[in-house]
Amino acid sequence: LKLLMKESLQEFETLLLIAIGELAPEAYGLAIHQHLESATGRSLALGQIYTGLARLEQRGLIVGTEGQTAPGRAGRARKFYRLEPGAVRVLKSTAAAYSRLAHQITSALPRFDR
Amino acid sequence: MNQQAPPWLGEQLLRWLRRSPDTQYLAGDLAEAFAQRAAVNVGEARRWYWTQVLRALWHRTPRRYADCPLRLSRDAADERPVSARAAAVLREIAGARRLIIRRPGPALAAVTTIALAVTAPATLLSVSYSVLFRPLPWPQADRLIRVWETRDLGSSVADRSMMSATLAAWRDGAVTVRELAAYRESTYTMAGPEGVERIPGAVVSPNLLGMLGAVPTLGRTLQAGDVGTVVISEPFARRQFGEDRDWLGRTVNLDGAVYEIVGVLPSTFSFPAPDSSVWVPMDPFRPSSLSLVKVIGRLTDSATPEQARREAEARAHSAPSVPPNVQAMLFGADGPARLHAATLLDFETRHVRPALLASLAGMGLLFVAALVSLVGLQRARVAERRHELTIRAAMGASRGRLSALLIGEAIWLSLAGGVVALFLTRWTLGIAPRLLPGDFPRVAALSFDVVSFLAVLSTAAVAGVVVGVLPSWRAVRVDLAGSIKGACAAWTIDSARSSVRSRLIVPASQLAVAVVLLVGAGLLCRTLVAIVHEDLGYAPDNVVIARLIGTGSSRMRGVGRIDADTLQRLIARLGQLPDVTGVALSTALPFQTRSGRVNVAHTLPARDGSGQQVPAPASENDVTPSFFNLLGMRMVAGRALTDEDYSRSISAIVVNRSFARAYLSDTPIGSIVHGREVVGIVEDIKDRGPGDAVDPQIFALYATGQGAPLVRPLSVFLRTTADIDVIVPLARNVVRSLDDRLGLDEVTTIDARLSAMAEEPRLYATVAAASAVFVVVVAVVGLFGVLWNGVANRTREIGVRSALGATPTRIAQQVLREGLIIATTGAAGGLLAAALLARYLASLLYRVAPYDAIVFTAAPTTLLIIALAACLIPARRAAAIDPIHALRTP
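Quick mapping for you: the protein sequence lines, in order, are chains A and B.
Each residue of the first sequence is one higher than the last, beginning at 1 in my numbering.
Each residue of the second sequence is one higher than the last, beginning at 1 in my numbering.
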């Protein structure tokens, strides 16, 4: 299990990466927030989004670039994120880990029924 | 759509409390979302906005991710763009600051050491630069040379001068020099607003001022053919004639001759002395003249000083010959002329250049020693954190990142040390002019300037790089394999390999050097104390001394002619000044080597009673009777001179103890010396300062009664409780009111003279003490670093021992013992070296033996105590190691 964790991501981070991939090239903080809220049906804090984004960026999985400002932003710029090649690979290994996990669960479940 | 602005306070809260780099985007997003929501329902939007702000304050983005639970492998990390990696490295560097603050103790030791290690060389570099290398303030000063003449084997009375005949022979058709100029320092007596004074100046060839780039503020400089003209300095002009700038065309009376002022030079021009005020023209190029002049030349663009020297020497041999006896008189020997040339800068700094360069080299060694200590200390700090570093390495932190952390720490430390050093260097440069002897060249130009700033900066940078790079280079050799097996393995092997070298030899030799310097400083300080507290045989405090001078007699430096009546009134009137308790006159001005003393070579009957006459050399000093009492001299036998002695038929004299011991019988009072009767014996006095070898001395009555022309200089002694600045103008007034051709010169106090004489020993003592403090700090920090490193490396071992029942006291004792072994080895080695080296100091010592027992005991004892104190900290730390914790951590 440890091996699984090492190359994979936590759930929230995985969701962030997916959101960025889907929203690109328009993936900025508020857009990601709204996308995730609708996708998960949970109320999320925008600060939480940014913390996650910063962590991913710091690990080199995504790259943020400062864009133009837009009306209603009090003159502040948007920061657009896009996936780095490493992110795709990590997502793949995460998927593999999850499918291994799913396989373990499905193979284990029949034994619990007895 | 009417756009709604988000609550102002919320934005400010975010700005204040969530200081993350991404807060601006967050705030922008919040504002955008608020605008969208407010278009539907303002109240709901507000509630939502505030909830988001508060949650954002909770979800802060940490600046560093050291505690990040998941870490990518190195490969993935390296795929990041360079900018991101650089940013990460910068964050490490910034983060290192917090590590320093977290453990301030060792960091403080490091900062102190760095500050000292930077200040000392930076100060010396600044001094060396501004004395030895900064161009002289003349135009194209590097082309100026100073040339002088000697004869073989001769000890020259001609103080690096040249005969004008030689100069003239060289000047005609010289190809290595564009121009030659000559000067001679001179002092003039003139009547000024405060009475007669002595004015420092020079006789110069007319082209000299132009050659040195003097630009007159008024009038012109000197011209060829000028006679009876003078150029004066602006401060001098203001003092003499007041602020109205109508100085040109006025006259000054120098040494009884009248000169017309043709030009005024700004105060920035100072040559040959810093306070030169008048420049009188001369023509040094007449081949017939026999005068000695000092010569400055301007080289052509291609010539070297050596070429100029050879040309001058060749020409000198074709100069009209000078009678051999004259040559012998001027140069101490007869023979072919030898010429010497040096650039003006080299010439002016020739006395201090070797000393400064030697101390630069010494300082370089001290700097290296300091760096060694600092590296040791830093390694100890790294070793202490090896666990943390290993874990970070295991979690994929690259070598670069770890290096960045350690180098970052060194950058912060050296930055802090550098800032402290900046202030310290300013301070040391500020006091340096007062510390250095008065004749130290170019001392006035010393200041904290760009060069000093750069010196501090560069030495601090060197310290930072060395202290940062060396330990981190070792530290990041922790490889992942090693760290998986057990972090300690890699570390202990690494440190065991170098244990003997770095754990014993390096700190011990540093301590040894510290002992040597402590001994040296101790000896020199005791010398200084001995000099200051020397019993001079008289009471030197509260005595103002001055030389009585008169116009028209500068060669004699005395009172040309003064009648007895004037002298008597002078003594009486000076005695009436407030706070003056005694007035005396003497022909000898104290503290002037030989000057004013007349050496008499009487013959006296030999003491063995054989009746033979033997020579009895002595110096004679004529004084007024009040002299003995005023100086607080102690009578050994008989009585002092009194006023009644003036009317005795046989002259009375007082001799000093040395005289009596050398020449007189056991009942000296009443002896007749050369027709004069000895009425008293006085204790030897050291009127030339401490360290003076007292020679036999005779005190005779100053013959005020005769009023004859006086060719000997005359000094005035005033015993007064008043401040010198108060009493001197009053005394000057008295002198002037008696005769306006008289004045007081070289006014000072005996205390000031003594203090000036102690200048050199004080400098030696200060420099030695400062270096000693520096090296002691460096050595003790080094020892501390080594022990701390040892404790950190052996945490596990100590844990095992403590688990097996060793008490904390015993563990602490073991560390202390190790420290003491190093310290005593160092101290013993240092004592040995000091004993070998001490005799070289002997020439600088006074009343202190080179093997002074007190110093040789106190120096190692002091060092051992300090070293022991430094050992206590690692010892306490070792004792505090928790065995369970130590054994559990790998």
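Check each hint, because a few of them may be wrong.
As the list claims (entries may be wrong) - Just so you have them, the derived chain B footprint on chain A, three or more residues with Cβ under 8 angstroms:
1) 50–59
2) 76–85
3) 92–103
By construction, these hints were calculated from the structure, which means they are not laboratory data.
Every residue, glycine too, gets a C-beta built ideally from N, C-alpha and C.
Quick rundown of the hints versus the structure:
1. 50–59: That given contact holds, which follows from 8 residues of the region 50–59 of chain A lying within Cβ reach (below 8 angstroms) of chain B.
2. 76–85: holds (count 6)
3. 92–103: violated (count 0)
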